[in-house]
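Student: Once you have looked at the hints, place chain B on chain A.
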Amino acid sequence: MGQPQQNIALTTPAFQGVNTEDSPLTQDVTFALRANNAVIDVYGRIGARKGFFTEAKSIDLTNVTSYSGIYTSTKVNIGSISHSEGLDVICVAEVEYYGSVTDTAVATERFLCQLQNTELVALTHSAGALASINTIEGKLAQIVNFAGQYFVFVQGQDAIEVAGTSATLLKDGAGFLPPQDDTGNLTDGITGGVACSAYGRLWISGVGGNFQEIWYSDLGDARVWYDGKAVPTEPLNTAGGLDVSQYWPSGRDSIKNIKAHNNGLVVFGRNSILLYGNAQGDPAAIGGIFLQDAITGMGLVSRDAVVETGVDLLFVDDSGVRSLGRTMQEQSVPVGDITANVRSDITSKIAGTADKSSITLAYWPSEALIVCNFSSEGYAYAIDARRPSGTGGSRITTWTEVLFDRSVYYEEGNDTYVLLGGKAGDSICRYVGQVDAGETPYLFAYESTPLSFGDSVRQKFPKKVNVTTIGSTQPTNATVSWGFGGKLEYSKAITADANAPSFWGESQWGKDLYGSAAVSLGRHRVNTKGSGAYVSVGVDATIEGGEFSIQELNLQLLIGRVY
Amino acid sequence: MAKGLWDTVQGVGAAAGGIAYADKLHEAGKGYQTDMGTLAGQLQTDSAFKGYGVTTGLGEQSTVGSDGSMTLGIGRDNAQNTAGGLGYTNGMANMANAGTMMGSNSTNPYAAQAQTGMGNAMTGVAGMQAGAFGAQNQFMQQSMQGTAGREQEIYNRAMAMQQPGLNQQRAQGNAQEFAAGRGGVMGSQFGGSGEDAAMARAQAGAMNQASFQAMGQASQEQMQQAQMANMYGQQGMAGAGFQQGNAMGMHQMGMQNAQLGQSAAQGMAGIGAQQAQMGMAGQNNSYLGMQNELNAMQVGQNGASMAQTGQLTGAGYAAQLGLGGIQTAVNSDKAASELYGNTLASIMNNANDSTGNSSWLGGLMTSIF
Chain A
1 MGQPQQNIAL TTPAFQGVNT EDSPLTQDVT FALRANNAVI DVYGRIGARK
51 GFFTEAKSID LTNVTSYSGI YTSTKVNIGS ISHSEGLDVI CVAEVEYYGS
101 VTDTAVATER FLCQLQNTEL VALTHSAGAL ASINTIEGKL AQIVNFAGQY
151 FVFVQGQDAI EVAGTSATLL KDGAGFLPPQ DDTGNLTDGI TGGVACSAYG
201 RLWISGVGGN FQEIWYSDLG DARVWYDGKA VPTEPLNTAG GLDVSQYWPS
251 GRDSIKNIKA HNNGLVVFGR NSILLYGNAQ GDPAAIGGIF LQDAITGMGL
301 VSRDAVVETG VDLLFVDDSG VRSLGRTMQE QSVPVGDITA NVRSDITSKI
351 AGTADKSSIT LAYWPSEALI VCNFSSEGYA YAIDARRPSG TGGSRITTWT
401 EVLFDRSVYY EEGNDTYVLL GGKAGDSICR YVGQVDAGET PYLFAYESTP
451 LSFGDSVRQK FPKKVNVTTI GSTQPTNATV SWGFGGKLEY SKAITADANA
501 PSFWGESQWG KDLYGSAAVS LGRHRVNTKG SGAYVSVGVD ATIEGGEFSI
551 QELNLQLLIG RVY
Chain B
1 MAKGLWDTVQ GVGAAAGGIA YADKLHEAGK GYQTDMGTLA GQLQTDSAFK
51 GYGVTTGLGE QSTVGSDGSM TLGIGRDNAQ NTAGGLGYTN GMANMANAGT
101 MMGSNSTNPY AAQAQTGMGN AMTGVAGMQA GAFGAQNQFM QQSMQGTAGR
151 EQEIYNRAMA MQQPGLNQQR AQGNAQEFAA GRGGVMGSQF GGSGEDAAMA
201 RAQAGAMNQA SFQAMGQASQ EQMQQAQMAN MYGQQGMAGA GFQQGNAMGM
251 HQMGMQNAQL GQSAAQGMAG IGAQQAQMGM AGQNNSYLGM QNELNAMQVG
301 QNGASMAQTG QLTGAGYAAQ LGLGGIQTAV NSDKAASELY GNTLASIMNN
351 ANDSTGNSSW LGGLMTSIF
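Protein sequences, first through last, are from chains A and B.
Anchor point for the first sequence: position 45 equals 45 in the working numbering, and the numbering is continuous, going up by one each time.
Anchor point for the second sequence: position 214 equals 214 in the working numbering, and the numbering is continuous, going up by one each time.
The following block holds chain A by itself, in its conformation from the complex (with noise of 0.2 Å):
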């Protein structure tokens, strides 16, 4: 006699995202082996992230002369990009060109772009300028805002000060006051790569690639810095600078970045932190700055790493993605660790990345997403920012053909924006839409973990699946696969596309079914074979233009003999 079919619903499968730490065969559906070009939808399923779209192409280099030599660009690469309210979009534009008709090999040059509408236009550059942002790769300047401008700090080069579109060296500046003390200039320029702009000051390391060394400068002005002098040039100066090189609990360590967090600064060596507290007002008064904490075993991994979601400071340490409010809170590095679901991964990612720089860390927040980019690896992982895993880390996913550096997220208006810095020629990209740069298609993949659905030594012989997804009325490729044994053996190949929405007196009832204006439910029905003790279910999906999310999962199964 049949034994009848039973239906075992996996609803709103791997919301927790991807766990690779715990045992997979005690996980329940919640967490996923697998969750690729995914992310956890605003209502808590796992879906296809957005693409990367192209922004903006075109470059404009009329202000840069020396790019008369210039035969045709190819290509346009995007490092360091910054926002500020009521400025546009900056960012260091690195353009691969041919210098003639014969070139065959290809140059490459730096510039300071601003993203105006939809189209790069290089600023004016002075001469010095241009050298200083020409001389390192691009994603390596730190453009801050300070003051209602932008400031760009080039490790090694003197910074540059950017007023409206004209950009030139912040020593050339009228009333430059370089940190100086009675035996005379103690440097000529500003040429530390590490930059926090914070309390009305700016906080520069690496000046002279003294790593140990902050100086900051005047209460508001940018051009004014350090001076020990027993008069000094101006009696007002209150900038100085602040040596940490005694304060590193791990004995000897470098600065790696600044942040300015909790009413202090946050200074990011290798593998220790610096909590200074009371970094407002004036640093050197009594009372002032002061160390408030040193945080050992836990460091930056590279400058870029580390990024304020307003109420946690989210850094990259080797071991991870770390919450150091957590940490301040719990004094305990587990427990503010936020990729602790794949704790081990994300640790390997880390140990095998040789361009360390490459490594970033992201907040947008109108996405809740942290990203946690491998630019150079084309990978990042993408971390819930609403709430926590029921494991007590965060929510994440991965992501793979990235193709962006860095990124910055702003508002303006109604609208929220997460622009990309392209890095294969693709110029400035938005996280929107369904599709990347150049209308590339790419892949969702989700892969349950092993599922034995509580009993794990009878067969299951699963005879179909139900995909029931979440998406656009645009068709999307999908393919559903299962397996026995964690090995996803079998697949078909579906096409998902939701029903158009049905209004009223548009649609018949029963015939239709009722959905949102842009999105609907689409249920796919997959005929499934073979048996095992586990079963693991995976759906892919090319995403190419359509929302897709999955919002359930049912297997209709027979529960077999003990085996």
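What you were told as hints is all true, and nothing was included just to trick you.
Restraint ranges, calculated between C-beta atoms of paired labels, are given here:
{"no.": "1", "chain 1": "B", "residue 1": "Ala179", "chain 2": "A", "residue 2": "Pro365", "range": "38 to 44 Å"}
{"no.": "2", "chain 1": "B", "residue 1": "Gln172", "chain 2": "A", "residue 2": "Gly352", "range": "48 to 54 Å"}
{"no.": "3", "chain 1": "B", "residue 1": "Gln220", "chain 2": "A", "residue 2": "Ser250", "range": "55 to 61 Å"}
{"no.": "4", "chain 1": "A", "residue 1": "Leu236", "chain 2": "B", "residue 2": "Gln209", "range": "26 to 32 Å"}
Some but not every residue of chain B turned toward chain A, in silico, with C-beta under 7 Å:
{"no.": "5", "residue": "Ala180"}
{"no.": "6", "residue": "Gly181"}
{"no.": "7", "residue": "Arg182"}
{"no.": "8", "residue": "Gly183"}
{"no.": "9", "residue": "Gly184"}
{"no.": "10", "residue": "Val185"}
{"no.": "11", "residue": "Met186"}
{"no.": "12", "residue": "Gly187"}
{"no.": "13", "residue": "Gly191"}
{"no.": "14", "residue": "Ser193"}
{"no.": "15", "residue": "Gly194"}
{"no.": "16", "residue": "Glu195"}
In silico SDA-like cross-links for lysine to any residue, where the CA-CA straight-line distance does not exceed 20 Å:
{"no.": "17", "chain 1": "A", "residue 1": "Lys464", "chain 2": "A", "residue 2": "Ser452"}
{"no.": "18", "chain 1": "A", "residue 1": "Lys229", "chain 2": "B", "residue 2": "Ala204"}
{"no.": "19", "chain 1": "A", "residue 1": "Lys229", "chain 2": "B", "residue 2": "Ala202"}
{"no.": "20", "chain 1": "B", "residue 1": "Lys24", "chain 2": "B", "residue 2": "Ser337"}
Derived from the structure by calculation, the hints contain no laboratory data.
Keep in mind it's a predicted model, so treat the numbers as computed, not measured.
We put the CB at the ideal spot given by N, CA and C, even for glycine.
Tutor: Relative to chain A, chain B alone:
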């Protein structure tokens, strides 16, 4: 022949008359001479000294011979003479002894010791004086120099003395800063942190105070140096005074020594002189007998003189009478000669008139001749 020849004849006549009468006078003179020689021989015999003799109790008779030779009947008192010589010799010896003694006194060991000691004292005093004057000069130079260098020196020393404390404070400050997490903070208003500035201000205040104290101290030292210069000057002057006193003492001592020597010499000389005088007196006394004999001879001589006087008086009378006779002869010869001469001359003078020209006689004679 003229008047000249007459004159010549006149002369020759006169002369021939004169020569003829002179020969007569000459012959008369020879007679007178012989008479007077005879008289003189007589007178010599009559007035010749007969000698005399004196006899006293002092010795044998003393006589004076007719030739005037005297034989003293007594010699010197040899015993007295010997005693006087001995006394003189002794006096001389005593003078020599006195000289020796004076010489001995002149090399008075105590005086020499005193002199040596005084010399040493003088040397010491001179050294001290030189030192005092040197110190006075040094202090005076120092007191006359500006105080800036000394102020800096005092300030440096004061700061060096305070340095451990300052270092300790700084170390404590640094430790406190480090403990407070404020190490390494540098501000433009302070150079370092505010705490550094507070400490720097405190230290600057201390340095300021030290500098002012150094100035005061330097000024005070200058005053002290001036006072010490004055003191050393006074010491030097005292040394000079002492030297002067010593010199005066030495001078007085030398004077006294010289006076002593002179007194001793005088004494010794007096003694020697007395002794010599005594010797000489003794020797003189040895001739006292002879003197007395001579005195007796003088008494005898009075008698002899009276006898001689008688002799001479008689001889004088005889001589006067003999000479008177001769003189009378001479006078008569002289009157005869003068009368002859005058007669001849008056003859010849009549040969010339009153004007000098030949008188008739003269003419006659001229014509004859």
